[in-house]
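**Q** Here the protein sequences line up with chains V and B, keeping their order. FYI, the numbering for the first sequence is 1468 to 2418, going by this note's numbering. FYI, the numbering for the second sequence is 123 to 315, going by this note's numbering.
Calculated from the structure, these hints are not laboratory results. Don't be surprised by glycine CBs; every beta carbon is placed ideally from N, CA and C. Check before you lean on any hint, since a few could be wrong.
What the hints assert, rightly or not - Distance windows between CB atoms, simulated: (1) 1926(V) <-> 179(B): 43 to 49 angstroms; (2) 2373(V) <-> 198(B): 36 to 42 angstroms; (3) 2415(V) <-> 198(B): 39 to 45 angstroms; (4) 1558(V) <-> 179(B): 26 to 32 angstroms; (5) 1721(V) <-> 177(B): 18 to 24 angstroms.
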Amino acid sequence: YPNNANSTLQNLMGDLTVNVNSDIFSTDTTGANPTTTATAAATSIAQVPIGSVQDSYQFVLTNFIEMNKLWVRLQHLPGDAKTKETKIRRERERNELRMMVGTNLVRLSELEGVTSTRYGTIILPRIIDQIVACRDPLAQAYLMDCIIQVFPDEFHIQTLEIILSVCPKLRDKVNIRTILQSMMDRLANYYADELLLNDEEDTEGVKTSVILDSFEMFDECIRSVIEARGAKVTAKEVIRLEASLLGFSLKCYPGRLDYINRCLGVCASSLKGHGPSHGSTQPATSASGAAAVPIQMDEIAIKELETLLSLPLETMGLNVLDLDQYSELLAFLPLRNRKMIGVQLLKVLDTSGEKMTELSELEQLFVIISPLIRETSSSTSESKDQSPQMFEQKELISKLIHLLYNDDTDVHFELLNFVKKHLLSGGEGYQISSHTISPLFYSTMKLLTRVQELEFPAPIVQQPEEEEEEVVVEDEPIVEQEETVQEGAIVEEEEKIEEEQLDDIMQSNEQVDAGQDVDAEEDKDDMKESEDNEPVEDVDAEEVKDEMKESEDNESVEDVDAEEVKDEMKESEDNEVVEDNEQVSSEVDGAVLEESVEGDDDNNQDTEKIETSEDSKESDNEGIEDQETFEMKMTSASNEEIKADVIASKPAEEEEAAVVSNVNVADNDTSVNVNEQETKVDLFEQFNKGMFDDEPITPIFEKQTNCRKIFLFVQKLLSMIEVADPDLCFTLRLHSAIAANRCVVIAQERSSTSGDLSTVAYEFITEAFLIYEREITDALAQRNAITKMIGILLSCSCFDKNDYEALITKTTQYAARLLKKTDQCSMVLMCSHLFFKLGENGYQNPQRALECLQRALKIADMCATSNPSNLQLFVDIFDLYVYFFENSNPVITDKFLSGLIALVNEHITTIGSLNSVIQGTKESFTQTVRYIERKKTVDGRFTNIVCIVPN
Amino acid sequence: MANFGELVLVIGDQHIPNRANFIPEKFRRMLVPNKMQHIICTGNVGSKEQYNELRQLAPNVHVVAGDCECAEDSSQFADSKVVQVGEFRIGLIHGHQVLPYGDHVALASIRRKLNVDILVSGHTHRNEVVEHEGFYHINPGSITGAYSPLQENVIPSFILLAVQGANVVCYVYELVDGELEVSKTEFSKQMSM
Chain V
1468 YPNNANSTLQ NLMGDLTVNV NSDIFSTDTT GANPTTTATA AATSIAQVPI GSVQDSYQFV
1528 LTNFIEMNKL WVRLQHLPGD AKTKETKIRR ERERNELRMM VGTNLVRLSE LEGVTSTRYG
1588 TIILPRIIDQ IVACRDPLAQ AYLMDCIIQV FPDEFHIQTL EIILSVCPKL RDKVNIRTIL
1648 QSMMDRLANY YADELLLNDE EDTEGVKTSV ILDSFEMFDE CIRSVIEARG AKVTAKEVIR
1708 LEASLLGFSL KCYPGRLDYI NRCLGVCASS LKGHGPSHGS TQPATSASGA AAVPIQMDEI
1768 AIKELETLLS LPLETMGLNV LDLDQYSELL AFLPLRNRKM IGVQLLKVLD TSGEKMTELS
1828 ELEQLFVIIS PLIRETSSST SESKDQSPQM FEQKELISKL IHLLYNDDTD VHFELLNFVK
1888 KHLLSGGEGY QISSHTISPL FYSTMKLLTR VQELEFPAPI VQQPEEEEEE VVVEDEPIVE
1948 QEETVQEGAI VEEEEKIEEE QLDDIMQSNE QVDAGQDVDA EEDKDDMKES EDNEPVEDVD
2008 AEEVKDEMKE SEDNESVEDV DAEEVKDEMK ESEDNEVVED NEQVSSEVDG AVLEESVEGD
2068 DDNNQDTEKI ETSEDSKESD NEGIEDQETF EMKMTSASNE EIKADVIASK PAEEEEAAVV
2128 SNVNVADNDT SVNVNEQETK VDLFEQFNKG MFDDEPITPI FEKQTNCRKI FLFVQKLLSM
2188 IEVADPDLCF TLRLHSAIAA NRCVVIAQER SSTSGDLSTV AYEFITEAFL IYEREITDAL
2248 AQRNAITKMI GILLSCSCFD KNDYEALITK TTQYAARLLK KTDQCSMVLM CSHLFFKLGE
2308 NGYQNPQRAL ECLQRALKIA DMCATSNPSN LQLFVDIFDL YVYFFENSNP VITDKFLSGL
2368 IALVNEHITT IGSLNSVIQG TKESFTQTVR YIERKKTVDG RFTNIVCIVP N
Chain B
123 MANFGELVLV IGDQHIPNRA NFIPEKFRRM LVPNKMQHII CTGNVGSKEQ YNELRQLAPN
183 VHVVAGDCEC AEDSSQFADS KVVQVGEFRI GLIHGHQVLP YGDHVALASI RRKLNVDILV
243 SGHTHRNEVV EHEGFYHINP GSITGAYSPL QENVIPSFIL LAVQGANVVC YVYELVDGEL
303 EVSKTEFSKQ MSM
């Protein structure tokens, strides 16, 4: 029975379509000559213009309306059971028939002579009335889509408001988004085409301007739809709608931040459960629905929101940070999705290569990317599964760090500080730390090169007076300002205080260095202090002493602070240091020097150490003895020199130390503060004096961030990865040392004072040594580490003789204690460089260099007997002998070379059968011998060397 | 199109992403696939991606281990290598093992040890083409201009060798203040003595 009805209906509709078809056909023919035939017809029969355009669309419209009615009625055929199945079945049947209804609209669009006005005023309203009136979701969705697809863009532009005004009236089931989306797509494409052609005349200019208003209409439409549907609208629906609009906005109105903001705003407010904030009409809807409850987001909604938030990234990049609601919306996403957004943002940043210059920008950015830092550290189990992703994230963060830049070094430093704070706040985020700290470190080092230029500028003759005065006066206020600015950062505060103290110490140090204008009173104090055993009379001096002891005994004293004071004092306090051995050796700084001093005072301890380290590997008896004596020689030799030097330099250093401790007192004691002030005034006068003398004056360093501060920063940074990644920490500390060395060198070149940056360099190296001792255990890593030590030490020129000797002695000891004999050999060999530095003022102790070579030779001999392939060691040693000979090491004579050539030849003949390794060795040896032969012709020094080329 | 013979790209010390973000755009445009037969890299590439990019540029990629390789790469590369191109034996070493850094007498001893005509080394981030005792020491510098504690104001640079039999033309590409500068050196293989 229902089937019957269906078929009859189909017949009926078929008839109608045939009618329409024939009718269209006729209009089409007339339309071929629209101006002549159609208008002629229109004028001749004014009232009922049969065959005219009007007649045609009237007919098609009626046809459409009737057909639609039938089509809708089909859903509710009498006699149908009201079950779900029937409903679905009917819908399926109707879906098959929809083309027939839609064809009417196609016909309408195909009618020639229908102007946009006619379409807008007559045709469209009638269609829309029918659509609204039928109240059938299927029909509504389909017909809306039809309208959008079949009529031309120009019509849509003019009637956009009408079409959009229907949307809120449609049934809830109708998917508004697809309707709007297809409309937006059409408009956007049209707009893009127009822009591309760019030959629009005035009329089309109007059209594009209409397009420009369309955002408002869409926005209005979406708001009213959301409002009309009230609580029934789901989160994903809202997000999808806004995402479409956002996409449209980005396509057509790039740069209109307010539009994007509005899209995000609607999302945010509806997710919060307030519905679109829309003025007076709002209360009504929110009262009816459960307004205060935030809309629950399901998986799809989350996905949609992620898509929505990624949309602006592509085109806007960093500018999303300017969007008010962006981070707010981001908070709705779970961590995993926020991470994705973060990654996308960083990728965009990376490709754009745009510099990050402002702290505020960076702060906002970190709000977005913070999940990248945090989650990776918290869920280590998960991180293993996603290691490629993790790696990508780290790399992106690394790249971000390199994008930080500000012309003002202070601001730049703040940026870096901010990043550091965040990277370290990742909790037990050591994994991420070691990967991101490296770029942060190098970025800081880059900044250092700029700061050192400012701090130790090339001298400029003639400097305006006023500027200088101001600078000196402003010195204090700037520091205070800084304090207030950074007060909010709790993490920083502690550091801050330390830094300030350090600055003070530095300052007064510099003052003394520059001015040599120590107060008479202070001088007196110093005198008293240096005579340690005499009864103390002055109260001040007593205080000073107390202060010193406190800082020594009290372990709770801040690390850096203690280090600082220590460093200044350590030389002058040699005796004390030895007495308080336990405490001091637990301190990080100056360990090397102290140890060597220790060795001087009580050799027992040192030998003990050696013995214990040797006990474990008793297999090689010969070696142990050898090694011990060698080491003893090394330490005692250097210690003698140190001793002599320490005595020589004692008075001067004591004075310095005393001044430092004085300043320390000044920090705590206000009465002494006056002294400091006075010194400052003196200094001020000196500046003036300098000016009147018309001497070249270097521009005053005005920045708050000085090299010292940067090194402090680096120090902290590196201590964070000490345990997690000792190898990296080791390398970076060495690099810091060499950077500090550069500062000193530059300062010296420009005859300005670098403060105690050479001490900083020394500290970095000793700390690196400590890591080596404690953490680096792998044989290959040790070998690499020692190679780096030697290379860095060779490149550092800022150390005085004592410090340098202490460091190179230690390095040589490390080399001699390596587990593998072959490693021992090549590393000790390498150490010989340390004792014979080339260039002006290079440290040279030719005898000790020779000792290294001879030591290496002995080890090589042992190695060669166990495995002939180790012959290469001899050749390497030989090469180095040649190197020193060429560089005129006085104790290395041609006899050594002749002897070695003979020795290697002997080895080659005794080995007899040559495997490929030995063959290679032989070749390289031959090369060197040939080289010497060549040298004989040009350099007389070589003539006496007996060259034997192996056959 | 002139015949350049075999083209050898000599680069190194990229340090991506630890010290630099990318190879400068002006360089990147020049580094197109299928032009060069060899890439000789002094190490410190920085990351696996960078290494893979090199491998896409030329069929033969030779890399040695630098002092700052990331952990997963360190075992992958040898300390030194010898590559035969045309009649030249080209030795390759990163250079942090050559002490003092960048010292030509020291480099010469490595060159003899490897028995090569040209020794390529990096580490100093300063490009050099130096004749030493009739042989050549080449340092491509850092192509990214990466920071080095040894060197202020690192100039991004790389080197291209056009090898034809016993002759080589050596082009040094530098980016000075964002401007590309090219210098050229020609030399021939030293007759064996």
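**Q** Now tell me if each hint is right for this structure.
**A** Results of checking the hints against the structure:
For residue 1926(V) paired with residue 179(B), a C-beta distance near 47 angstroms keeps the hint of 43 to 49 angstroms intact. For the hinted restraint 36 to 42 angstroms between residue 2373(V) and residue 198(B), the CB-CB distance of approximately 39 angstroms keeps it satisfied. Between residue 2415(V) and residue 198(B) the C-beta distance comes to about 40 angstroms, which sits within the given range of 39 to 45 angstroms. Taken as a hint, the range 26 to 32 angstroms is violated for the pair residue 1558(V) and residue 179(B), whose Cβ atoms sit roughly 60 angstroms apart.
The hinted range of 18 to 24 angstroms is not satisfied by residue 1721(V) and residue 177(B), whose Cβ atoms lie roughly 38 angstroms apart.
Going down the numbered hints, you'll see the structure goes against 4, 5, while the others check out.
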